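**Student:** The primary structure of each chain is shown beneath.
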Amino acid sequence: MTAETEELAEQRLLEIRTSPHIRSPLATPQVMRGVLIALIPASAASIYFFRIQALLLILTSVVACMGVEALCQFLLKRPISVGDGSAAVTGLLLALVLPPGLPLYYVALGAAFAIIIGKQIFGGLGYNIFNPALIARAFLMAAFPGRLTTWLEPFTLKVVGSVDAITKATPLALMKFYSEPTPLKNLFFGNVAGSLGETCALALIIGAAFLLIKGYMDWRIPLSYLGIVFILSALIWKFAPGSGSPLFHLLSGGLLLGALFMATDPVTSPVTKTGRWLFGIGAGLLVIIIRNWGGLPEGVMYSILLMNAVTPLINRLTKPKPFGAAK
Amino acid sequence: MKRNPGIIVDFTKGLWQDNPVFRQLLGMCPTLAVTGKALQGLTMGLAVTFVLVSTGIVISLIRKIVPRQVRIATFTVTIATFVTLADRFLAARFPAMSAALGPYVPLIVVNCIILGRQEAFTSKNPLLPSLFDAFGMSVGFTWALVVLGCIRELLAYGSIFGQSVLGTSFEPWVVMALPPGAFITLGLLIGLMNVIQKKKEARGKE
Chain V
10 MTAETEELAE QRLLEIRTSP HIRSPLATPQ VMRGVLIALI PASAASIYFF RIQALLLILT
70 SVVACMGVEA LCQFLLKRPI SVGDGSAAVT GLLLALVLPP GLPLYYVALG AAFAIIIGKQ
130 IFGGLGYNIF NPALIARAFL MAAFPGRLTT WLEPFTLKVV GSVDAITKAT PLALMKFYSE
190 PTPLKNLFFG NVAGSLGETC ALALIIGAAF LLIKGYMDWR IPLSYLGIVF ILSALIWKFA
250 PGSGSPLFHL LSGGLLLGAL FMATDPVTSP VTKTGRWLFG IGAGLLVIII RNWGGLPEGV
310 MYSILLMNAV TPLINRLTKP KPFGAAK
Chain G
57 MKRNPGIIVD FTKGLWQDNP VFRQLLGMCP TLAVTGKALQ GLTMGLAVTF VLVSTGIVIS
117 LIRKIVPRQV RIATFTVTIA TFVTLADRFL AARFPAMSAA LGPYVPLIVV NCIILGRQEA
177 FTSKNPLLPS LFDAFGMSVG FTWALVVLGC IRELLAYGSI FGQSVLGTSF EPWVVMALPP
237 GAFITLGLLI GLMNVIQKKK EARGKE
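Each protein sequence line maps, in turn, to chains V and G. The opening position of the first sequence corresponds to residue 10 in my numbering, with each subsequent residue numbered one higher. The opening position of the second sequence corresponds to residue 57 in my numbering, with each subsequent residue numbered one higher.
Quick caveat, the hints were computed from the structure, so don't treat them as lab data. These numbers come from a predicted model, not from an experiment. One should not assume that every hint holds.
Here are the computed distance ranges between Cβ atoms for each label pair [said to hold, decoys possible]:
hint : chain 1 : residue 1 : chain 2 : residue 2 : range
1    : V       : Ile138    : G       : Trp72     : 25 to 35 Å
2    : G       : Ser220    : V       : Leu80     : 41 to 51 Å
3    : V       : Leu256    : G       : Ile252    : 51 to 61 Å
4    : V       : Leu80     : G       : Ile252    : 53 to 63 Å
5    : G       : Pro236    : V       : Lys328    : 47 to 57 Å
6    : G       : Gly243    : V       : Leu45     : 24 to 34 Å
Below 27 Å or equal to it, Euclidean Cα-Cα: the simulated DSSO-like pairs (lysine-lysine) are [unchecked claim]:
hint : chain 1 : residue 1 : chain 2 : residue 2
7    : G       : Lys261    : V       : Lys86
8    : G       : Lys69     : G       : Lys120
9    : G       : Lys255    : V       : Lys86
10   : V       : Lys330    : V       : Lys282
11   : G       : Lys256    : G       : Lys180
12   : G       : Lys254    : V       : Lys86
13   : V       : Lys247    : V       : Lys194
14   : V       : Lys282    : V       : Lys328
15   : G       : Lys69     : G       : Lys256
16   : G       : Lys120    : G       : Lys256
17   : G       : Lys254    : G       : Lys69
18   : V       : Lys86     : G       : Lys256
Residues of chain G clear of chain V, computed beta-carbon distances all greater than 10 Å [claimed, not checked]:
hint : residue
19   : Trp72
20   : Met84
21   : Ala89
22   : Pro159
Don't be surprised by glycine CBs; every beta carbon is placed ideally from N, CA and C.
Generate coordinates for the entire structure from the input sequences, incorporating the hints supplied.
**Tutor:** Spelled out as structure tokens, the structure:
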């Protein structure tokens, strides 16, 4: 050993740092890239089913989110961090929860709302209370209820040579208002009307599996969320067969997209493990209540937003006690 | 506070620095509820102006003969009298506006701005400063409501004071006519006021 390396070794031995001492090797850009990759199947499926309309919607939303984020950070004199991919993820998620055929002006407006009101007002990434993509959808839903509930039929269901686009109700609306069930096979592969990303369950599951294997996603929230919906809808189905089977409830609407990609947002969900179980259970309960007894056919968006709102409370409630600490 | 420059400050503090809506966050109930249209906001502002100024005159004049123990009851009865006058006047002369404002005119009775000004200012000050204070607060309240009403009406109906601005091709933002629109607009305006105020203070220190 030369004198130099010896000195270096000694330096490392005596080095003192403040906590945290164990750092996760995962960095924000890496996780965001992972989420973007995981959303490729769902985006591809939406482009397959809704063609150019889906493509334009996705492009508009992603570009608008990134542009507004850069502009916001420039005006607020914050470090410009568009490159970390979080704005792109917000943009893509927003596009996936919007109905195909929505005029692009509204998409851009929603994207601006997601970034400005949903994120930058609170201080940027990591400080926002609500999932930005969902808060933007809630805003668009409240601002333009007609536009946000006009659903196009997938391209694949269209008769060749017919009109350009046909509107059709979503499976949940068909079930709730017309007692008309949708074949599970169509729900699984996505051959139904709905927002861009919610139609194809298979694509969502593939993406989520990738995230789980990579360790980018916590399994507790999706499991408890989907589990509660499954159990409760099975119970209700037993007594009221018109309410839809548990599998129908799992595969229809935005439940999979919400449970796998929105509820698991690390910024707006609890940090403790117990808290994550509580989060999933609460969101699942809300979905079942809204779907069965609410005025709207679907309740995933509001269930996640409401649970986002109580996340700080859940965190405080489930704070681990330091070992040996006095009461 | 008793000299002329003091009187001017009594008036101007309500406009900006101690603006009842944006700085003191008082009177939130009418602020959020009736600002769906600019004209409604203006009417509410004028009704509050009438009540605040009239009550201010009365309370300031009788401040020395009212025992401390019953002062709140005295304030409330005085306020309720003028609110009833304003409410009946609106119902008689502007029935449509009265119906649009609904219960929010009678509810001026419990508006914190009015009770707060009596407790904090008029019950301790002579007539003239009280009058200036009441006018300042009223104008501050009214401009806040009118600005809120203009923004919300513009986005929710494409018009300002009933005059179409954005034309027929504009698709209204339904949300701005609803309670969430009030909260969003108010929150953004308060944030903007805070930013401006902070910049002002920073400049004052330099």
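**Student:** Sort out which numbered hints this structure fails and list those numbers smallest first.
**Tutor:** 2, 4, 5, 11 and 16
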